[in-house]
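*Asks:* First to last, the sequence lines map onto chains A and B.
Per my numbering, residue 1 is the first one in the first sequence, and the count goes up by one each step.
Per my numbering, residue 114 is the first one in the second sequence, and the count goes up by one each step.
Source of the hints: derived by calculation from the structure; they are not laboratory data.
Hints should not be assumed to be uniformly reliable.
[What the hints assert, rightly or not] Derived list of chain A stretches under chain B, where covered just means 3 residues or more per stretch with a C-beta under 8 Å from a C-beta of chain B:
no.: 1; region: 60-73
no.: 2; region: 99-106
[What the hints assert, rightly or not] Reference excerpt, derived from the structure (chain B facing chain A, CB under 8 Å, subset only):
no.: 3; residue: Tyr118
no.: 4; residue: Tyr123
no.: 5; residue: Ile126
no.: 6; residue: Asp151
no.: 7; residue: Leu156
no.: 8; residue: Gly171
no.: 9; residue: Glu176
no.: 10; residue: Leu203
no.: 11; residue: Tyr211
no.: 12; residue: Gln213
no.: 13; residue: Tyr214
no.: 14; residue: Gly216
no.: 15; residue: Pro217
no.: 16; residue: Gly218
no.: 17; residue: Leu221
In this text, a Cβ means the ideal position worked out from N, Cα and C, and glycines have one as well.
Listed below are the residues making up each chain.
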Amino acid sequence: GENVEQHPSTLSVQEGDSAVIKCTYSDSASNYFPWYKQELGKRPQLIIDIRSNVGEKKDQRIAVTLNKTAKHFSLHITETQPEDSAVYFCAAALGGGADGLTFGKGTHLIIQP
Amino acid sequence: EADIYQTPRYLVIGTGKKITLECSQTMGHDKMYWYQQDPGMELHLIHYSYGVNSTEKGDLSSESTVSRIRTEHFPLTLESARPSHTSQYLCASSGQNYEQYFGPGTRLTVT
């Protein structure tokens, strides 16, 4: 089955700086890659996703890039703010995600004031 | 308001008891999912359903069972709870574009 590796496990950045979280996947047939943000005690929230027919997608301060050849994808957050502090999970799926998602272990992002 | 609802939100129960975790959605979605998440850890898929009368097992082996008699309802049952079942259980749903949205979760403690 699919295996997703996520790095780093903890990332501390100064407010206003950029943050990058990287994930690799094992199954070259995977074609859907969402990112979730989970604050303490809250449900995971979908923040951005990308499908395999696209190399990059951007939504305001958040962007995701996908390299299908290398089987890795990354989340980029620019101009970080205190409210960006949370655990971020990447995921990968076959068939657009209809059969469920395989998640990475998460990255705890800490925004230092 | 379109949302995913889970009850109970917190449950403390003794070993050997039968429990059912409820999940309902007003999103109008056909696909539904159950994930298990230990605190601070990744989510693991335990069950999913494409629609009414469809149920499939996920990647993580689980002693729980699910049913899908109504489109909006996807309950999860544990026939005999054990301490190893202590975890958070998250229900999710997705529609035509396959984007998955999560409910608030049920935090289960088995003593």
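*Asks:* Kindly indicate which numbered hints from before are broken by the structure, ordering the numbers from low to high.
*Replies:* 1, 3, 4, 5, 6, 9, 17
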